[in-house]
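Q: Assemble the whole structure, with the sequences as input and the hints as a guide.
Each chain, letter by letter, is given below.
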Amino acid sequence: MDELIAKLKTQIIEQLNLEGVSPDDISPDDQLFGEGLGLDSIDALELIVLLEKNYGIKIENPAEGKKIFATIRSMAEYITSKGKA
Amino acid sequence: MRHKHCVSTKMKINITNYCSIHNNQIKLNGETLLVKEKQVPFNEFIKSTYDLNASPYMKFFKMDDLCKLAFLASEFLLKNKNLAEQYGSSTISLLFANTSSSLDTDINYYNTVKDFPSPSLFVYTLPNIMLGEISIRNKFKGENAFFVFEQFQADFLCNYATQLIAEKKAKAVIIGWVELLNDNQEAFLSLAEESENGTELIAENLERLYISNH
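Listed in order, the protein sequences are those of chains U and S.
Anchor point for the first sequence: position 2 equals 2 in the working numbering, and the numbering is continuous, going up by one each time.
Anchor point for the second sequence: position 56 equals 56 in the working numbering, and the numbering is continuous, going up by one each time.
Since the hints were derived computationally from the structure, they do not count as laboratory data.
Wrong hints could be hidden among the right ones.
Unchecked claim - Some chain S residues close to chain U (C-beta under 10 Å, calculated; not the full set):
no., residue
1, K47
2, D51
3, P56
4, M58
5, F60
6, K62
7, M63
8, P117
9, S118
10, P119
11, F122
Yeah, the Cβ is synthetic: ideal placement off N, Cα and C, and Gly gets one too.
A: Laid out in structure tokens, this is it:
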């Protein structure tokens, strides 16, 4: 799980152009939206693309998104639950 | 080229500030602020200039190149100014134009379509997004417009800006020419407002400033 979390941090920084943010700046339990990393709705779409591109996972039910993309840990748990880690 | 006179008003509308970015050189009111070698890639030039001169704005690095260019020029143009506070948010207008619209980003976006279409590129496939980025940053809520011309149209821009002020739709207008395609990047922004200082907003002057900072 730790390895996947580290990989996700790097992929998110790259995919979302989070200039000046390093993997160490992000805690696995930081909220990605709102007061945490401060991501916006376009970033949410980019995270959906990231999951599909890098892990072959399609989010079929948009309602799940809020839970899946709450934190990096929740993303990693979702990827693991799909057997794609 | 012979210019027609702009819409006449009794007010004195002047260009009080202007800024240009071209060939890795930034000028403010005609004075060179920063120059980098021409071989320095655009992205590197923009990033290093932003890091050194602009106040932190996390969204900057998510913008496309056209927006970054316009945004950075606006940061220099409006440094130490707070137009929204001075005049009121809804009285600041933006009037921009260029030749290539958002074609540079359109091409970049199209290249992602074959694989995974990029949402963050898609949102920049309209040239007027740069007006939104500058407006959000500076809390401008006035009328704004974007035009695509073959070349810089001083007559048109001058008349439009003068009309906005004459009709009291705006107290200040930022007139911008921001062009970017492949290796050609240029931004020329000027601030027009009622003032005793600066250069009179007439087409000859606007064109002269554009050419001399080009």
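Q: Work down the list of hints and note, for each, if the structure agrees.
A: Verification of the hints:
1. K47: 8 Å, holds
2. D51: 9 Å, holds
3. P56: 8 Å, holds
4. M58: OK, holds: M58 of chain S within 10 Å of chain U, min 7 Å.
5. F60: 8 Å, holds
6. K62: Hint on K62 of chain S: holds, closest Cβ of chain U at ~5 Å, below 10 Å.
7. M63: Hint on M63 of chain S: holds, closest Cβ of chain U at ~9 Å, below 10 Å.
8. P117: 8 Å, holds
9. S118: 7 Å, holds
10. P119: Since chain U brings a Cβ to about 4 Å from P119 of chain S, closer than 10 Å, the hint holds.
11. F122: Where the cut-off is 10 Å and the nearest Cβ of chain U is about 9 Å from F122 of chain S, the hint holds.
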